[in-house]
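Start from the sequences, fold in the hints, and give me the full structure.
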Amino acid sequence: MLSPLEIKAIAEEVVRQLRPVIVEAVANANPRLYTPEEAAELTGFAPKTLRYKAKTGKLSHIKTTTGQYRFRLSDLQTIIS
1348 MLSPLEIKAI
1358 AEEVVRQLRP
1368 VIVEAVANAN
1378 PRLYTPEEAA
1388 ELTGFAPKTL
1398 RYKAKTGKLS
1408 HIKTTTGQYR
1418 FRLSDLQTII
1428 S
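Residue 1366 in our numbering sits at position 19 of the sequence shown, with consecutive numbering throughout.
These are calculated hints, taken from the structure and not from any lab test.
Here the structure is a predicted model, which is why all the values come from computation and not from measurement.
Heads up, the beta-carbon is just placed ideally off N, CA and C, and yes, glycines get one too.
There may be inaccurate statements among the hints.
Stated by the list, open to error - DSBU-like, lysine-lysine: derived pairs with alpha carbons at most 35 angstroms apart:
1. K1395 to K1355
2. K1400 to K1410
3. K1395 to K1410
4. K1405 to K1395
5. K1405 to K1355
6. K1355 to K1400
To be verified - Computed Cβ-Cβ distance ranges for the label pairs, DEER-style:
7. G1404 to A1358: 31 to 39 angstroms
8. M1348 to K1395: 38 to 46 angstroms
9. Q1415 to S1350: 19 to 27 angstroms
As structure tokens, then:
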């Protein structure tokens, strides 16, 4: 029988391995833009990290007229692959 810690570790590994597949499937079905908070849920990165990567040119993004960051799923795929 597996301990709760072993189950948690297995679940986290499964999520880590499937995240790129899930993001790709959603990207192909949905061309919308995501806020840093929404993108963080999909990628596993913190919203602040995504903004930093965008600001430093490591992640493509769109800036709204009010200066807010938005991300395409296809761009998010580049940092989780």
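Structure-based check of each hint:
For the hint linking K1395 to K1355, the alpha-carbon distance of about 26 angstroms falls within 35 angstroms, and the restraint holds. With a C-alpha separation of about 13 angstroms, the suggested pairing of K1400 with K1410 holds against the 35 angstroms cut-off. The straight-line distance between the Cα atoms of K1395 and K1410 is roughly 15 angstroms, inside the 35 angstroms bound, and the hint therefore holds. Of the pairs offered as hints, the one joining K1405 and K1395 holds, with about 14 angstroms between alpha carbons and a cut-off of 35 angstroms not exceeded.
Straight-line distance between C-alpha atoms of K1405 and K1355 comes to about 31 angstroms, which keeps the hinted pair within the 35 angstroms bound. A hinted pair counts as satisfied when its Cα atoms are at most 35 angstroms apart, and K1355 with K1400 qualifies at roughly 29 angstroms. For the pair G1404 and A1358, the supplied restraint of 31 to 39 angstroms holds, since their beta-carbon distance comes to about 34 angstroms. For M1348 and K1395, the hinted distance range of 38 to 46 angstroms is satisfied, since their beta carbons lie about 40 angstroms from each other.
For Q1415 and S1350, the Cβ-Cβ distance of about 44 angstroms falls outside the hinted range of 19 to 27 angstroms, so the restraint is violated.
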